[in-house]
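Colleague: Each chain is listed here by its residues.
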Amino acid sequence: MLSLKQRHRLNNALLGTLAWGVALAIFFPIFWMILTSFKTEIDAFATPPQLLFTPTLENYALINERSDYFHFAWNSVVVSFGSTIIGMLVAVPAAYSMAFFETKRTKSTLLWMLSTKMLPPVGVLVPIYLLFKDLGMLDTRLGLVIIYTLINLPIMVWMAYTYFKEIPKDILEAARMDGATLLQEIWRVLLPMSKGGLASTVLLSLILSWNEAFWSLNLTASQAAPLTALIASYSSPEGLFWAKLSAVSTLACAPILIFGWISQKQLVRGLSFGAVK
Amino acid sequence: MADLTIKNLKKAYGDIEILKGINLEIKDHEFVVFVGPSGCGKSTLLRSIAGLEEVTSGQIFLGDKEITELAPAKRDLAMVFQSYALYPHMSVRKNMSFALELAGKDKSTIDAQVAEAARILELEPLLDRKPKDLSGGQRQRVAIGRSIVRHPEVFLFDEPLSNLDAALRVQTRLELAQLHHNLNATMIYVTHDQVEAMTLADKVVVLNGGCIEQVGSPMELYHHPVNQFVAGFLGMPKMSFLPGQVLSGDQRGINIELQSGAQMQLPISGEGVAKGSDVTLGVRPEHITVTDKNNSTFRGRLDVAEHLGSDTYCYVKTDTKQTLTVRAPGTFLGQYGDTVGLNLDLSHCHLFDAQGKAIHKLSRSAA
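These protein sequence lines map, in sequence, to chains A and B.
All residue numbers for the first sequence refer to our numbering, where the first residue is 346 and numbers rise by one.
All residue numbers for the second sequence refer to our numbering, where the first residue is 186 and numbers rise by one.
Simulated from the structure, these hints should not be mistaken for lab results.
There's no promise every hint is true.
Said to hold, decoys possible - Listed next, with one range per pair, are the computed distances between beta-carbon atoms:
1. A362(B) <-> K350(A): 58 to 68 angstroms
2. G394(B) <-> V367(A): 57 to 67 angstroms
3. F559(A) <-> K292(B): 22 to 32 angstroms
4. S460(A) <-> D313(B): 46 to 56 angstroms
5. A197(B) <-> S460(A): 42 to 52 angstroms
6. E254(B) <-> M463(A): 36 to 46 angstroms
7. P438(A) <-> P310(B): 37 to 47 angstroms
8. I531(A) <-> A300(B): 24 to 34 angstroms
For glycine and all other residues, C-beta sits at the position ideal for the given N, C-alpha and C.
Chain B on its own, in the form it takes in the complex (with noise of 0.2 angstroms):
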């Protein structure tokens, strides 16, 4: 087992850079997440790794060997396609000895090793049929049976659960969390489903624009996201984002007023923080609750509720034209149109500079 490193890995189509000088470090046994929009980068960045891609320049080390230029088997990973990528003039049981018989295992070693897989991914009973007579659950557990029986040191997962239907997805996801348990290995996922991100991840890597946005444990980035864009890319309702000027700042906070005319003080260094320069306050929909008009830093008109039962997400549009989200309790009443006054809990808002950089907080605590 090993850790793997990549060194400012740059990955070009003739002019488009897909991946502009990506530095990473993942440790062994990690579970690691690569998630961003589509087109940032993170396909390609999983296909470099696996050696599908040839890198335009950059290293890729895992433990002390170079792999960047070795052939993809020669690299000891194993990958999960998000097509599941079964041969389908296999039976389920050739799908999975393929690799060990390309190797030239012996078969005694190749069946102890099938058996097993089949055993961990609940297999058994399907050994013999082809892919076609599989459902789509099943396709998947192959397609990762597969890559368990070669041991690799590092797994790639290529957003491997989009082709599953809502329900099987979350209880695959679950599964996965176990195999990650149960194996021990190191796992790197691609995704584009930030729920998939947080609820896998030991360490979550935000991509966009080929580039690397922030790295860090999911709680990590949920509370204290370096950007705007980390910040509205995770969470689910997504943060809301306010416009608004600096009023004054110190190394004890600052105060803003937004276009709404609304003026907060934000337990935010103001510290080197310009006076009239332009922020965005940053505030997800648990730090918001919805209170009586006439009582209120915000009022607003209700767009929509989503009712879910425990909670009630409430789109509200401001006087000045803006969305917040908000989570409001199970039993919230509210109907189209109502007016509502809304409160920040301020000890929680997000503040970003005209760049979009987050501007650091008094305290890290996170919660």
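Extracted from the complex, chain A is given alone in its bound form (with noise of 0.2 angstroms):
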């Protein structure tokens, strides 16, 4: 028989495994993904994988010389940042008439935004592709930071309003009291106090913007085509290249590791919102 102090140990180390198991379990690809970038082609092909080999540079020499990295990212930062920027503005006044001024259909119309997540994109690209036709914003920079903005706005009035609910009402009527406008209750008194909530909105909204690949690969060519095309561009028809398409891959997610990494803090109170107070 086990002591409960030994039995506490022996579960403490179980979970510890198992914890550790499903960590590496996530990083491996991203691990070997990094690490192939480093490979030859031949290295990358070869069975069984090899752990040992000689690093190269080559890789990302030739995609420096293929194609400009530079102009992918910019697009990048661009529509993240600008979906973010767009997307709060109008998320932020959303929430705070939903969080404060509740009426009997607040609930249902949080509801029916985020159930239109729920939807396959795929089903609205051809009247979304014919629109954006139509209005000449194919391949524009414009056009994607309308439609990033469209999708993750449900999430982040979703997320906002969540934050905005913690706040007692009592302190924004005290505001009015004190005579504070509409903008200066909102500027001067709700977002100072809602920093951390809105800041894990930011980040998970400029996240989701990186990441997307569905609406980036279907309406942008070159103009406007973010990181998330740069990576497809190099599936090309001549057979897949692992190296290249690994080098590539590392360069379009290391800036968003880095700065996932960085605000890693805001991010886990981010992604677990409601769950714990």
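Given two chains presented individually in distinct reference frames, assemble the corresponding complex, making use of the accompanying hints.
Modeller: The following block contains the structure:
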């Protein structure tokens, strides 16, 4: 028989092993991608897969030669930040009115907004493609900004709503008694009080926009193509070049991975919103 | 400075009427307390005055100026919230200066007014702290300070003491009374605690079910309640009620018989009261005395005796299963289950008709 203390230790050890296992399983593809990006194409194809090899930078050099990385990266930056800024400008007032001036229909409106995220995007691809074509917005950054804003808005409103709900209504009423206009009330009282939550919302929107591939592949060609489209351009008709594909993927993921690493504290709070108080 | 007048104020949420036509006049410098059970509309009335609730109909005037439709900040009122509602991201100083900044006052005026409020409320050492570093009592004082700096016409308090512990509540109550005296300001105060109402108010407004039951000085309400609700709501412990019937009555007095069979003549006008009609006798704990059980109006069994030191409150169950609350001397030594005799001070008893309306006493001496 194990003592209570021993059982406790065993439990912890088992849970720890499981957690490490899951973490490694999630991280392994990223690790393998980075590793492959430093291999020659021959090493990359080798069976059994090689862990020990002579690293090379030739893939990166070739990508640099063949495509303008910074053009795609800049598009990613413009589109992610653009859609996030516009999204927040819409989401904050929407969440404010839903959180503090709730009506009978607020809850169902929120659910309806979220339910639009459940539609398969491909279902609206044709109408949106035709609309964009008629409006001349195919392969424009503005077009992508608009579409990203719209697809992320439900999540942004929902998150902002959840954070605003935690703020006592009294404090906003006190500001109103103190003579704050609506804008002053939001800017000087509401936003400073919910800045942690709103920061998570901004981060999540940036990451989702950065990683979005379906719409960027279908609505852009070269002018407005972000990094996700750059990756896809390396899965060429001449066959797959694993090492080069890995190198370009590493380049596309690196900025957002570093960004996520720096802001992980905010992200954890953002992704577990509503779950823990 | 000006009087506040409320004319036929109504507020409804959909079909539910919260305020059913409130008419009220609050004089300059008065300390008025709205009191009533939960859901009686007292907070809604206060918030309507503040401008935080839109009213359905009716008017509110401050002096000659109608303020019914004005934005809260334009009404020249300040409010202290139950939860204090301090801005958590601002220092105490910022919390107090926020309204003045918004009003576009210059820095020297702001500094002077904040300093003055901090002096009055003894907040000077705390000015640079954030609300989370303050105790409940200190937060309460900051909330009051925030309203003082604006020099409003009327102060509104929404159950400001209910988040404080018992000792601090008594202390803050005294401080509020002093503050009212020092500022000589008009104050409207909402509470469900009738002790706060009795101790603080110049004028008490008793609300029930969205209507005003009675308005008057605390003593007026205590000694001359217009109905059974007000009689039962004010006073601690509560007035006891005993059902009975009218035997006879004229302008000199009224004879009644209680369910227990006890008959008594009360100095209450029996004019216009029908013989045989149902009435309720109301008597406060201090107007019942414990006596020898063989020489008393009532007999009953002692259920609980609460010894407070100076007094003992006895809860006595009569033969007809009614509970009477009795104030006995602190030296009272009765035990659970003892049979005790009770005598009523008939000159201080109240009588209510079947609708709960008070039947007039012959004399209105308040004692």
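Colleague: State for each hint whether it applies.
Modeller: A quick look at each hint next to the structure:
1. A362(B) <-> K350(A): 58 to 68 angstroms: holds, 60 angstroms
2. G394(B) <-> V367(A): 57 to 67 angstroms: holds, 60 angstroms
3. F559(A) <-> K292(B): 22 to 32 angstroms: violated, 55 angstroms
4. S460(A) <-> D313(B): 46 to 56 angstroms: Check passed, 49 angstroms falls within 46 to 56 angstroms.
5. A197(B) <-> S460(A): 42 to 52 angstroms: violated, 34 angstroms
6. E254(B) <-> M463(A): 36 to 46 angstroms: holds, 44 angstroms
7. P438(A) <-> P310(B): 37 to 47 angstroms: holds, 40 angstroms
8. I531(A) <-> A300(B): 24 to 34 angstroms: Taking Cβ atoms as reference, I531(A) and A300(B) lie about 30 angstroms apart, which means the hint holds.
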